[in-house]
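Chemist: Just so you know, the sequences run in chain order D and Z. Number 119 in the working numbering belongs to position 120 of the first sequence; there are no gaps in the numbering. Number 93 in the working numbering belongs to position 56 of the second sequence; there are no gaps in the numbering.
By construction, these hints were calculated from the structure, which means they are not laboratory data. Here the structure is a predicted model, which is why all the values come from computation and not from measurement. Please note that a few of the clues may not be correct.
Pairs of lysine-lysine residues, derived as DSSO-like cross-links and limited to a Cα-Cα distance of at most 27 Å, are as follows [stated by the list, open to error]:
(1) LYS346/D to LYS198/Z
(2) LYS152/Z to LYS164/Z
(3) LYS39/Z to LYS101/Z
(4) LYS22/D to LYS78/Z
(5) LYS22/D to LYS165/D
(6) LYS167/D to LYS196/D
(7) LYS164/Z to LYS379/D
(8) LYS328/D to LYS379/D
(9) LYS10/D to LYS167/D
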Amino acid sequence: MSMDYEQYLSKTAIDLKPSGIRKFFDLAASMEGVVSLGVGEPDFVTPWNIRDEAINALQDGYTSYTANAGLLELRQEISNYVQRRFNVHYDPENQIIVTVGASQSIDLAFRAIVNPGDEVLIVEPAFVSYASLVILAGGVPVSISTYSENGFKVTPDQIEAAITDKTKAILICTPNNPTGTCLNKEELTEIAKVIQKHDLICITDEIYAELSYDDGFTSMASIPGMYERTILINGFSKGFAMTGWRLGFLSAPKEMVGLMVKIYQYTTMCAPHMLQRAAIEALQNSTDQVEHMRESYWRRRNYMVQALNNIGLDCHIPGGAFYVFPSIKHTGLTSEEFASQLLQQEKVAVVPGNAFGESGEGYIRCSYATSIEQLQEAMKRMERFIDSLK
Amino acid sequence: MKLSNDELNILAILEENHRVSTEAMAMQLNMTEDNVQKTIKKLEDNKIIVSYPTLIDWNQIEGKETVVAMIDVKVTPQRGVGFDEIAERIYRYPEVNSVYLMSGTYDLSVTLEGKTLQEVSKFVSNKLSTIDNVISTTTHFMLKRYKHDGVIIEGNDEDDKRMVVTP
């Protein structure tokens, strides 16, 4: 007897928008000889000292659970790191949680603050999971579109216009995936005023903070008046090239963290013990490698911006992350058409901008976390593709 | 010698891969190609960039296998020139790959490459040991090369293990 599964499954889950990236992945993965600008993770392997420490941790038998919030020793290192890099202080005892990837931090943050019907503002184009996580937490995602004319920076007026009496929080990601846009201190200060005026919570996803190139990086949590209303999310994936380890962390006022720890102990218990040991090493002894990787991305960013502009794909200069988000509007194609024709004709994988929200339509995300030779090859193929459209 | 940021950035690129075109370098560093070429020329003229060697794994090629020996050499330094003159008499031999003056229990570390064990032994006994002021030599034959000048010979870190599209 065949079951009609639909009636047994969660309607909320069924109604979640399928990830636009998934579709594209299946297509690209089935092809040979693809040059990929579609990868949202570093091309570096995790620095050896960190890997070595994970091996040691396994050899030494660190295989048990840890405290829910993570090893205190690691939280202490995170506290030191956040103080050193972003100039904000969090108490390792009760203001920091080590999570399974920064994604889980985001999930925890929404679950801890959202009541049914609460609206959460999301600045788009945005990482694919924010809106769905808000829905899973019982909230309503409200997107604020940003545009290339303004460097994909959200303005206080735009936020003001999106606020209703149901608005609970705003999520900001800087440097941003997919646009690479990095908000500077002045811009954050202006945004902070609106957030404070309307008494909102700010969830700031700063996973790409280590990969900021021009003006350095300012954390929203360090803006006056924001500390007490900010949930700061960061992790090891991008800056330390540790995506597959799934290690992130969040820091926030202790009243929020206490509630999140309660949720976390039921959902996950703790992040893997041996990996937490290695993360201590990452924070203590990887400054040079992180710097080396940042410089390498910075050079490739410069290359990509020029190369794309040279072949007629206009793009703003992204201040961080490893993405360039050029416009493809003049080709007359939609993002998806452009990406899929480019893949079929020239075997170059990019991600259609609409995967990151409606305001991403007319753009593509090109990741430059790949070798300069691959980037050059991709540019050659893309130029040929664009010429073929004329 | 103090270098500018542009100069340091060019060195960082070249050290990783000296075959990157000057055009690609210029684009990576927001410089003009002409400026990149001039800067490289200057670094070469100042012997900051000494040479652009290619790392070849000869041992993979039939008939081209080599034997490498590292020799600890003790010498009596000479008045006025110290170790330099003896070092020169050694490094002038083309079969000598490298010569370093060392602190510790011996003075010169000499790396030698030959086709056979016999060839290397002959050089040590006939040429190296007979140089005036060479007191003793200790020859270590290299059995396997794991890493050379920062390059791992047989590692697989280089393979891209990432999925082709990720968020």
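Chemist: Evaluate each hint against the coordinates.
Modeler: Hints, verified against the model:
1. LYS346/D to LYS198/Z: Status holds; Cα separation ~19 Å.
2. LYS152/Z to LYS164/Z: holds (16 Å)
3. LYS39/Z to LYS101/Z: Violated, at roughly 42 Å.
4. LYS22/D to LYS78/Z: Between LYS22/D and LYS78/Z the Cα gap is close to 49 Å, so the pair fails against 27 Å, i.e. violated.
5. LYS22/D to LYS165/D: Measuring from Cα to Cα gives roughly 34 Å; hence the hint is violated.
6. LYS167/D to LYS196/D: holds (13 Å)
7. LYS164/Z to LYS379/D: Violated - the C-alpha atoms of LYS379/D and LYS164/Z are around 55 Å apart, more than 27 Å.
8. LYS328/D to LYS379/D: At roughly 20 Å apart (the allowed maximum being 27 Å), LYS379/D and LYS328/D satisfy the hint.
9. LYS10/D to LYS167/D: holds (24 Å)
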